Every structure is written in structure tokens, then in C-alpha cells.
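Engineer: So the chains spell out like this:
There are 2 protein chains.
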Amino acid sequence: MRGGAADNKGQIFAHVLGIEETLREKGKLPINLVLLIEGEEEVGSAHLEEFLLAHRDELRCDVIAISDTGMIAKGTPTFTYGLRGIGALELKVTGPASDLHSGIYGGAVANPAAAVARLVASLHDAHGRVAVPGFYDDVAPVADWERAAWAKLPFGDADLLKVTGAPSLFGEEGYSSLERVWARPTAEVNGIGGGFQGVGTKTVLPQKAFAKLTFRLVPQQRPDDVMAKVKAHLREKCPPGVHLEISGGHAGEPYLTDPNSADGQAAQHALRRAFPGKEIALIREGGSIPIVNTFKKVLGMETLLLGLALPDCRAHAPDENFPLANFYGGIGLNRALLEELAR
Amino acid sequence: MRGGAADNKGQIFAHVLGIEETLREKGKLPINLVLLIEGEEEVGSAHLEEFLLAHRDELRCDVIAISDTGMIAKGTPTFTYGLRGIGALELKVTGPASDLHSGIYGGAVANPAAAVARLVASLHDAHGRVAVPGFYDDVAPVADWERAAWAKLPFGDADLLKVTGAPSLFGEEGYSSLERVWARPTAEVNGIGGGFQGVGTKTVLPQKAFAKLTFRLVPQQRPDDVMAKVKAHLREKCPPGVHLEISGGHAGEPYLTDPNSADGQAAQHALRRAFPGKEIALIREGGSIPIVNTFKKVLGMETLLLGLALPDCRAHAPDENFPLANFYGGIGLNRALLEELAR
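Going line by line, the protein sequences match chains A and B. Using my numbering, you'd call the opening residue of the first sequence number 1 and step up by one each time. Using my numbering, you'd call the opening residue of the second sequence number 344 and step up by one each time.
Hints listed in this document are in silico derivations from the structure and should not be mistaken for laboratory results. Bear in mind that the values here come from a model prediction, so they are computed numbers and not experimental data. Cβ coordinates follow ideal geometry from the N, Cα and C atoms, glycine included. Please note that a few of the clues may not be correct.
To be verified - Output of the computed footprint for chain B on chain A, the stretches with three or more beta carbons under 8 Å from beta carbons of chain B:
| no. | stretch |
| --- | --- |
| 1 | 205-212 |
| 2 | 263-274 |
Claimed, not checked - Below, a list of computed lysine-lysine pairs in the DSS-like style, where the Cα atoms sit at most 27 Å apart:
| no. | chain 1 | residue 1 | chain 2 | residue 2 |
| --- | --- | --- | --- | --- |
| 3 | B | K435 | A | K162 |
| 4 | A | K237 | B | K640 |
| 5 | A | K202 | B | K352 |
| 6 | A | K162 | A | K74 |
| 7 | A | K92 | B | K369 |
| 8 | A | K278 | A | K162 |
| 9 | B | K505 | A | K202 |
| 10 | B | K572 | B | K435 |
| 11 | A | K297 | B | K545 |
| 12 | B | K495 | A | K202 |
| 13 | A | K152 | A | K278 |
| 14 | A | K92 | B | K545 |
| 15 | A | K162 | B | K545 |
| 16 | B | K435 | A | K202 |
| 17 | B | K495 | B | K621 |
| 18 | B | K495 | B | K417 |
| 19 | B | K574 | A | K202 |
| 20 | A | K202 | B | K572 |
| 21 | A | K74 | A | K202 |
| 22 | B | K545 | A | K229 |
| 23 | B | K580 | A | K202 |
| 24 | B | K621 | B | K572 |
| 25 | A | K202 | A | K92 |
| 26 | B | K621 | B | K505 |
| 27 | B | K580 | A | K237 |
| 28 | A | K28 | A | K9 |
| 29 | B | K352 | B | K369 |
| 30 | B | K621 | A | K231 |
| 31 | B | K572 | A | K296 |
| 32 | A | K92 | B | K371 |
| 33 | A | K231 | A | K92 |
| 34 | A | K162 | A | K152 |
| 35 | B | K417 | B | K580 |
| 36 | B | K505 | B | K495 |
| 37 | A | K74 | A | K152 |
| 38 | B | K545 | A | K237 |
| 39 | B | K505 | A | K92 |
| 40 | B | K545 | B | K417 |
Hey, can you work out the whole structure from these sequences and the hints?
Structural biologist: Following this line, the structure appears as C-alpha cells:
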């Protein structure tokens, strides 16, 4: 391709990655760089593993860098060394052959919507803890250094309340909010439904109801093991008079890397150069980036998560935004990372 | 009006009510008959009370007869002497300002869908009993004669399973299915919803969720009293971190009349003449017919519920049906009732 647009795109890309300036100043890059550009991340990266397997040799490298995470606060250089994993499932409860009149039959025929509510409620105790037997068996405790470091971060409960607009915070007893979202597993209802959905009253005993659940997992939980425990718990808790069907969704391992490995320290140096004057925040994130585990599984490589989104960037939402300071800071970070990884 | 169609309608009406034949045979009706024709029953009878108040004198009578209930089984003359009342409410739980990413925030922010499930689950214990404190305080026990009579009715659990298609029956311990639907109060979820409703997984922590509830009430429960107890219970059970809003719906008193009063015995005689050879079934019904209480309140009159629908008539559903035998039997019942009430 020779068009100006294509040339511009390449130029912009080289500029953003810090390659252009490095080449201009030094004449060559200090390390070999393999670029993997993926366009399917938001739709589940369905073909990435296949691609990695087919191009394993060309993609061989020492470490991977991805910028898909966030900064804990504006101007605070942030290194993410852990992600939660995920397990998803959907439960569908069916009862009578069709919706019934809740006056004529209510009391003698079990209500699938009530059964789904009962099953969902059985997932937690009153103290915000997941009540599935064995759920916490393999959960690695929050390390003392993590607890201490996270308590000093410039992002606390007041920020969390402001960002989410929640009336108050609530979670597992004995843990701070950051510990709850970064280092503790959860059970969440992503969707629930059944019966009459319109305005007003319709006295129906629904034929069926559903709940969509996801479980965020942390090291050393194994998705297959945890999801088997969850399914056994739900089957045991299912009330009489209804039929329960559980269908599995996607699952992904949690991720944890050593922020003080040689590569981790190089990344920290680069962050310090790009965002000078502030202490580096060593954090985990509560979300899941499944490709990080795919890289580890197929290529055997650790990933440096060096993201630049701010807590109020409104990712995937109306008014999504990204500050110019972070854009230019990111270019500086990429240039510094090339040099630091070369040492 | 002189058109043939109008004449025909009047003729059909007089025929169905047993008036035409009675006039032909006897020359006059044995009692004074006031006909009240209402066309709003299926949309809540919003103007009926106003009409009754405005025409109280013209509508003065000794007893009211309505055919809006059912027969317990084909060919079995059935007299309904009780109906359950109803109380409706909707609960809406709100949490964060918008749907949140369940990975990034899950664990630290309460989930409104989980809260609604918890509230709905709090309505029952594991034995099918409503767990709202004081809910059963004023419930009149099933009379011994009722328990004995209902146990002999030609409609049992096998019929109920067949009619509903439910995998099994379930309800309050210590009561038969008919006792559960006719003489015991219930809490039903008519609709529940919140979060992602589409196909597959969306890892969202919903901003809000709702449940639509109705409570069937029996003598001597008072809707206002029971609904106040339900609301207090829900407010007490609402988990932290969310905002609960309860909005009231319609309410209606339960109804119970004496099947062996003079008018009740007249109705039983009429039923015996119209459907000879079988014992009369004295039943209650689980649904609510609010106009019956409106009649009682405004006109001070009891109502004879002499319905002819069969358990498999599929009321309000596809393939709704009504057997010709019941149609002709109904005409005979109306004729006999005119005579029996005259004695």
C-alpha cells in the first residue's frame, strides 16, 4: 500500500509506540520488537489462540506488554500485576407447562421465579460472603505487603462511591474495598428475569425464570473446580416442584505475576520515567483479560500490564474519555520501556 | 331499537338466563329480577362502585347471583362459597448510578439483582410457609367439615398435576392442595427482572432490579394489615448498599359466605335440579372477584357464586373452551334458581 492514509497510520502507530523517536535518536531499537495487533478483543478473541498456535515461533519473545488496564489515579504511574479470573453460568428454572393464574393455583404449585430468587439468595450469607461450600478453599490470602501498599493508594472508598454513584459500599466482611475487588472472589447476578415484565400487576405464576451468574476468581482458584462446586450447591439448594437446568458459560483463569521480577522492575523504571514525581502504584484489577492467560499457556510468557485509563474514563459507556496527558505520557512510557527492557 | 340483531341478542339473553322459558310456562317470573350487566370486569371494574353508589336504590335486592367461577369436575354441581382476597405490591431496588462492570466493581458494590432475590427469598421458609412475621395471625382455620368435604371431591392431586403440567406439587406443609389454594394465604412472585436479559453473558452489575408480588389472602386477614406487615418485613430484610422502594398495588378483601343460609340452600336445590345425580361440591376458589366485596360493601348483599367453567377450560388462554353440556345445564340452573329463590 502506498496511499497517504496508510503511510499516516503507520507513522502514527510508530509514534505512539515510541518507535519513531527512538529510531530518530538512536538509529535502531534497543530490543527486538514483535507487534501483535488484535482486533477481536471486544468480541471474545475467538481466533487469537489458533493464531498464536500457528505462529508460535515468529511470536517467540521474552516478555509481553499490553496496555489495556488503568491508572489508579490521575498522574499516578500504575503497574497491574494481577487480574481476576471468571466462571459464568446460566440457570433456568421451569415449573408448570404454561404461565398459571396465581390465584387459582398459587400455593399448590411451586413458583419458578421464587425458586430462582431462592437459588440466587443461597449464593451469599448475610455478611457478603459467598456461601458455596468450598468456594474459598484455594483462595490465596492477600499478602501483607499488598494490604499495606493498597491502603496507601490515592484511591479510596470516597472515590469508589463517587465513581459508581452507589448509595454505600458493601462487601465481604474483613476486607477493604480494593481487597474485595482485586483479591477476593465474588458471585454476581448479571441478569435475572421471569414472569410479567410490564407496567402494573398481572397475577401470573410464571412458567419459567432464569438467572445469569458470573464468578470472579482469584489465585489459586481453578475455574473448573469452583464451577463444579457452584453447580453442586445450586442443585442441592433447588427447592421442590421445579426443574433446574444449568448451562455453562465461558471460564478464564485468574492471573498473577511478580511485579518485582527483572522485567517487572524494568517496567517500573519505565513508568517512573514517564510519570515522574509520584510513587508507583502496584495494583491488581478486578476484571479479566483472558488473552493474558492464553499468552502464558501458548507462548509461556508473562505479561506486563501497563494501562493508562483513569477511573472516570467511562470505558464502554457514553462520554468515554482519555486525557491528552495520558496519551503523551503513554508515548514516553513506551520509549522508556524499550530502553529499560534492554538493560 | 328494533333491528333483528338487537332482538336476537335480547332473546338469546332471556333464553340463557332461563327467563324466556319461565315466562312461556308460567306467564310471569316468580321473583323480581334486577339485571346488572358489566363490561369492565376484565379491566378491573374501575367504574362499577361509582355506578352502584349512584343506583343503589334501583339495585336493591335480597341476594346476588354471579356465574364467574368453576365446577370442580365435569357434571359435578358446584357451589362456591369463598374467594381469596389479594394484596399487590412492587419492589424496586436501586444501587449504583448506572450499570457497572461486574469485574471492576463486583465485590465492593452491592448488586440490586442479588438484593431483590434476597428479598423475594425472605418471603418463604424452606417448608413453603410465608415467613413474614404475623402473616398468619388472623387466618381462620379450615373448618373440619370443609376439610372432610374437600377430601372427597372428584378433583385431586393427579388432576392438578395434569391441568398445570407442573413436575410435582409443592406448598405449605400440613395442608392438602385444595386447602392450600382455597383456604391458605400465599406470597407469589408474578414477575422479577434486572440486568442483562439477552442471550449469552454480559458481565454487568445491574443498576436496578424489581419484583412484582401478590399475596392471596383468606378470612379473617385484612389486606391493609397484612400488607403493612409485608412491607415492614421487606424493609427489615433489605441488605445494605441498595435503596429499596415499595409501591402499593390493588388490594381486595377475601370473601366467605354461608353455603347453608336460606339463599345458599336455594342455590344448592337449583344446582341439584340442573345437574342431577351427583353430590353438590361445596368449594372455595383461590382467585379473587373484587366486585363481590363491592356488592357487599355498597349494597350489603351476599353473592351466590354459581359458575360452570371446568378445570381444563383454559380461561384466558389459547384454546379456551366451554362444553355445550354446561351451557344447557346453566340455562336449567338459572330457571331452577328463579323458582328456588322464590320459595
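Engineer: Do at least three Cβ atoms from the stretch 205-212 of chain A come closer than 8 Å to Cβ atoms of chain B?
Structural biologist: Check passed, 5 qualifying residues.
Engineer: Is it true that the CA of K297/A sits at most 27 Å from the CA of K545/B?
Structural biologist: holds, 25 Å
Engineer: Taken at face value, is the distance from the CA of K369/B to the CA of K92/A at most 27 Å?
Structural biologist: violated, 63 Å
Engineer: For a C-alpha distance cap of 27 Å, please report whether K92/A and K545/B respect it.
Structural biologist: OK: K92/A and K545/B at ~16 Å, within 27 Å.
Engineer: Is it true that the CA of K237/A sits at most 27 Å from the CA of K640/B?
Structural biologist: violated, 46 Å
Engineer: Measure nothing beyond the straight line between the CA atoms of K435/B and K162/A; if it is 27 Å or shorter, mark the hint as holding.
Structural biologist: holds, 22 Å
Engineer: Take a quick look at whether K162/A and K74/A sit within 27 Å of each other, Cα to Cα.
Structural biologist: With a Cα-Cα distance of about 15 Å, the restraint between K162/A and K74/A holds, given a limit of 27 Å.
Engineer: Given the proposed pairing of K580/B with K202/A, does the C-alpha separation stay at or below 27 Å?
Structural biologist: Satisfied, since the Cα-Cα distance of roughly 25 Å is no more than 27 Å.
Engineer: With the threshold set at 27 Å, check whether the alpha-carbon distance from K417/B to K580/B stays at or below it.
Structural biologist: violated, 46 Å
Engineer: Is the Cα-Cα distance between K74/A and K202/A 27 Å or less?
Structural biologist: Given that 27 Å is the threshold and the Cα spacing comes to 50 Å, the pair is violated.
Engineer: Regarding the pair K621/B and K572/B, is the alpha-carbon distance no greater than 27 Å?
Structural biologist: violated, 44 Å
Engineer: Would you mind confirming whether the straight-line C-alpha gap from K505/B to K495/B stays at or under 27 Å?
Structural biologist: holds, 19 Å
When the structure is compared with the earlier hints, violations turn up for hints 2, 4, 5, 7, 12, 21, 24, 30, 31, 32, 35, 40 and for no others.
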